[in-house]
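Colleague: Residues per chain, in single letters:
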Amino acid sequence: MTPANIRYTKTHEWVRVESNATGAKIATVGITAFALQALTDLVFIGLPEVGRAVKAGEPFGEVESVKAVSDLYSPVDGQVVEVNAAVADDLEHLVRDPYGFGWFVKIAVSDESGLGQLLDEAAYQKQCEEELSE
Amino acid sequence: MHATSIARPPLKTPLYDWHLAHGGRLIEFGGWLMPVQYTSIIEEHRATRSAVGLTDISHMGRLRFEGPGAAVFLAELLTRRVADMVLNQIRYSLVTNDQGGILDDVLVGYYHNAYGQPFYMVVVNASNHAKIKTWVERHLPPERAERPGEEILFSDVSRLWAMLAIQGPRSVDLLQPLVDVDLTSMKYYKGAQVRILHPGAQRQGGIISRTGYTGEDGFELSIGSDVAPAIWAALLEAGKSLGAVPVGLGARDTLRLEAGMPLYGHELAEEIDPFEAGLEFAAHLTGYDFPGRDALVRLGQQPRRRTRVGLELPGRRIARQGAVIFHGQEAVGAVTSGTFAPTLQKSIAMGYVRPELSAPGTELSIDVRGRVEPARVVQLPFYRRLSKGS
Numbered sequence: 005m006t007p008a009n010i011r012y013t014k015t016h017e018w019v020r021v022e023s024n025a026t027g028a029k030i031a032t033v034g035i036t037a038f039a040l041q042a043l044t045d046l047v048f049i050g051l052p053e054v055g056r057a058v059k060a061g062e063p064f065g066e067v068e069s070v071k072a073v074s075d076l077y078s079p080v081d082g083q084v085v086e087v088n089a090a091v092a093d094d095l096e097h098l099v100r101d102p103y104g105f106g107w108f109v110k111i112a113v114s115d116e117s118g119l120g121q122l123l124d125e126a127a128y129q130k131q132c133e134e135e136l137s138e
Numbered sequence: 049m050h051a052t053s054i055a056r057p058p059l060k061t062p063l064y065d066w067h068l069a070h071g072g073r074l075i076e077f078g079g080w081l082m083p084v085q086y087t088s089i090i091e092e093h094r095a096t097r098s099a100v101g102l103t104d105i106s107h108m109g110r111l112r113f114e115g116p117g118a119a120v121f122l123a124e125l126l127t128r129r130v131a132d133m134v135l136n137q138i139r140y141s142l143v144t145n146d147q148g149g150i151l152d153d154v155l156v157g158y159y160h161n162a163y164g165q166p167f168y169m170v171v172v173n174a175s176n177h178a179k180i181k182t183w184v185e186r187h188l189p190p191e192r193a194e195r196p197g198e199e200i201l202f203s204d205v206s207r208l209w210a211m212l213a214i215q216g217p218r219s220v221d222l223l224q225p226l227v228d229v230d231l232t233s234m235k236y237y238k239g240a241q242v243r244i245l246h247p248g249a250q251r252q253g254g255i256i257s258r259t260g261y262t263g264e265d266g267f268e269l270s271i272g273s274d275v276a277p278a279i280w281a282a283l284l285e286a287g288k289s290l291g292a293v294p295v296g297l298g299a300r301d302t303l304r305l306e307a308g309m310p311l312y313g314h315e316l317a318e319e320i321d322p323f324e325a326g327l328e329f330a331a332h333l334t335g336y337d338f339p340g341r342d343a344l345v346r347l348g349q350q351p352r353r354r355t356r357v358g359l360e361l362p363g364r365r366i367a368r369q370g371a372v373i374f375h376g377q378e379a380v381g382a383v384t385s386g387t388f389a390p391t392l393q394k395s396i397a398m399g400y401v402r403p404e405l406s407a408p409g410t411e412l413s414i415d416v417r418g419r420v421e422p423a424r425v426v427q428l429p430f431y432r433r434l435s436k437g438s
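Residue numbers (our numbering), protein chains in the order written: chain A, 5 to 138; chain B, 49 to 438.
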């Protein structure tokens, strides 16, 4: 089940942008159920430290399965303000609940101009269907 | 890995349609479209260790040699003795080039056909199939094949026969009802010609051997391509109560890695000799003269350049093929295969290092995608099953 108001990257990260108490935009980022289904057999999630600056489209971590290792790409420009340490220790829980328990990082968004380029639910579903039919 | 220079559409095994219809994720491997997994690699791996797994290995090349000259011809082609093999015996052997480099690793089996005439079956890697076929033909010109009294008939029967691996502690239970020989008394590295006792086999015969590539007890079964889909489906149906599952090449790789078995294109290559690979047991240097024998005699007297080792990493990241191995600041080798071992729950790898660094317990490190991870040399195999009887 995918929650409302999330957006997607072409590289299968999901992102939910919310305003915090001070009005700053905070992006919560994870990977999608489709990506987890394609990877299977996760063995390791490598996440950045709090304070790390990230740029949209650039790697901020890695997800490794028995088959292969893939970079995680940031959907936004900003700075990592929180890391979900629990997710790396419970990969089965991540697979069961990628949009809740399974979030990876929260990023304080420094530039909102890129948000418009993210995919909405319909566009992302279309991309997944295309990848499956390849 | 690189693509072959001549683009050819990948081949399909007799079970291709079954794989597609049952969720097999197909990849190209050795020129064939093969299922890498059906569900999860780890689940398929565990089912093989605890119950029984079935794998389509019809991509393996099967080369058949018969006639009065076959034994000596193979003895002069393979690194292992052949001429002294007894009926239904199987041996692991290498094929080496003139420099002693490994062209392939193979299984050679010695059987009699329905008329009591001897023949040999050599099972080669899919990725080396064309190369070894060319190598055989180069050493088997008509004047050799037709020498009176020493005739040799060479045929590639790969497409005529499907091949199934049935691996795991319940493999005897699963297979026994299907064949007319007693499997419990069949020893490791022995085989037999059998009748397939299933109506779908249409009274055809097959070859079964107690061999495998998983570190478990198990068998490999060759049956006619035309009846293979019916037999495969019947085995999976009969195996439901035993916990039998189809197993893709992904788990086949993690299983063989835990068992410390080399894979061509990873641990084995033309640039590597049997001593470096730890396979000197398969090089018999005092019998028949085969390509590479003189080179191997020389190499055996020289210090080795490198040695195959097992490596264990304390973290969960996987050191994959090509990752550079360090001793202190110095690069001393490279990883050839790595995985997160499902049974052992450890990150393991095989690779080559300088011989003086190959002793178990040696502390090394590996550059895993730009970050250096500690690694320790450990004894191979990583996993050994608790032996039960045979």
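These are calculated hints, taken from the structure and not from any lab test. Bear in mind that the values here come from a model prediction, so they are computed numbers and not experimental data. Do not take every clue at face value.
Stated by the list, open to error - Residues of chain A clear of chain B, computed beta-carbon distances all greater than 12 Å: (1) Ile-30; (2) Ala-39; (3) Arg-56.
Unchecked claim - Derived coverage of chain A by chain B (criterion: at least 3 residues anywhere in the stretch with Cβ under 8 Å from a Cβ of chain B; other residues may be distant): (4) 12-23; (5) 41-51.
Ideal placement from N, C-alpha and C gives every residue a C-beta, glycine not left out.
Colleague: Taking the numbered hints from earlier one at a time, note which ones the structure violates and give those numbers from smallest to largest.
Modeller: 4
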